[in-house]
Amino acid sequence: MRKTVREGRRIAWETMGSGPPLVLLHGSFGDRGTWRSGGHADALAGEHRLVLIDAIGHGGSDAPLDPSAYRVERQVDDIVAVLDAEGIGRTAFWGASMGGTIGFHLLARHPDRLTCLIAGGAHPFAAGAEPAEIEQVAALCREKGAEPFVEAAERQSTVPGWMRDAMLAIDPEVLATQTVGLSQRDGVAAAVAASGVPVLLLAGDRDDRLPEIRRTAEAVPGASLAELPGCGHLDAFLRLDLTLPVVRPFLRRYASP
Numbered sequence: 001m002r003k004t005v006r007e008g009r010r011i012a013w014e015t016m017g018s019g020p021p022l023v024l025l026h027g028s029f030g031d032r033g034t035w036r037s038g039g040h041a042d043a044l045a046g047e048h049r050l051v052l053i054d055a056i057g058h059g060g061s062d063a064p065l066d067p068s069a070y071r072v073e074r075q076v077d078d079i080v081a082v083l084d085a086e087g088i089g090r091t092a093f094w095g096a097s098m099g100g101t102i103g104f105h106l107l108a109r110h111p112d113r114l115t116c117l118i119a120g121g122a123h124p125f126a127a128g129a130e131p132a133e134i135e136q137v138a139a140l141c142r143e144k145g146a147e148p149f150v151e152a153a154e155r156q157s158t159v160p161g162w163m164r165d166a167m168l169a170i171d172p173e174v175l176a177t178q179t180v181g182l183s184q185r186d187g188v189a190a191a192v193a194a195s196g197v198p199v200l201l202l203a204g205d206r207d208d209r210l211p212e213i214r215r216t217a218e219a220v221p222g223a224s225l226a227e228l229p230g231c232g233h234l235d236a237f238l239r240l241d242l243t244l245p246v247v248r249p250f251l252r253r254y255a256s257p
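Everything in the sequence shown is counted per my numbering, starting at 1 for the first residue and increasing by one.
Hints should not be assumed to be uniformly reliable.
Stated by the list, open to error - Computed list of lysine to aspartate or glutamate pairs in DMTMM-like fashion (alpha-carbon distance at most 25 angstroms, straight line):
1) 144 to 154
2) 144 to 165
3) 144 to 66
4) 144 to 62
5) 144 to 218
Unchecked claim - FRET-style restraints, in silico, Cβ to Cβ:
6) 194 to 127: 16 to 26 angstroms
7) 127 to 16: 29 to 39 angstroms
8) 66 to 164: 27 to 37 angstroms
9) 73 to 241: 30 to 40 angstroms
10) 128 to 148: 13 to 23 angstroms
11) 8 to 109: 15 to 25 angstroms
12) 142 to 43: 34 to 44 angstroms
13) 240 to 165: 13 to 23 angstroms
14) 168 to 68: 19 to 29 angstroms
15) 154 to 241: 30 to 40 angstroms
16) 73 to 173: 18 to 28 angstroms
Hints were generated in silico from the structure; no laboratory data involved. Ideal Cβ positions, reconstructed from N, Cα and C, are used throughout, including at glycine.
Let's have the full structure, built from the sequences with the hints guiding it.
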């Protein structure tokens with residue numbers, strides 16, 4: 001594991017494999033280890049130099065209790081800092097849920113740094129919740145941690161034990177702070193559409209975010225959308241049997257700088 005410091009923020013990451021670079025960024029629950037546990041790292045390391053990053057608040061990275069630390073533009077800067085530390089000019093990027101949201105904002109602000117983007121269960125539009133609703137969710141996080149989100153995921157999908165453990169491991173106060181910080185984001189669909197960078201969208205057909213993800217596919221020229229039958233939000237990350245047959249040819253076509 002390596003760490004970089006940018007504006008006092010310590011961000012942890014590791015690399016494995018060889019080939020064209022590919023950043024893997026997890027969702028709101030878990031850390032860089034979920035890509036190992038899920039089988040993604042082993043499946044892709046033979047063709048790519050993988051860069052597995054712990055987002056702020058997760059794994060070996062710092063976990064401040066200041067909502068502004070989790071704003072999406074600051075998390076984009078964290079990714080750029082890791083790329084600079086690794087000497088990577090351009091890379092492919094696969095983000096799961098929150099990681100996909102950060103990926104869209106990275107593409108909007110730094111299109112020259114990405115060869116292509118894969119976003120699972122994510123879209124580039126502004127956060128739609130009202131401040132009062134966000135605060136209610138944050139209060140629930142402080143009180144019960146990730147347990148309500150685990151229960152919701154299990155109603156839609158089969159959640160393996162390692163994923164359940166990863167979801168429950170996040171500190172409730174960190175989860176609440178992250179919820180508030182990430183809610184303060186603008187839409188970047190127009191910038192993504194203008195970037196010319198290839199985009200692949202992955203979404204379960206039972207995901208509540210599917211309407212916005214479909215809007216993304218319509219708004220971004222040339223974007224591809226793979227809807228996963230019978231799947232919920234978390235399955236866009238977990239169901240490698242459905243995603244890899246789509247992801248592999250996409251990366252083989254577009255990942256090389």
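Under the constraints set out in the numbered hints, which ones does this structure not fulfil?
Going through the list in order, the structure violates hints 5 and 15 and respects the others.
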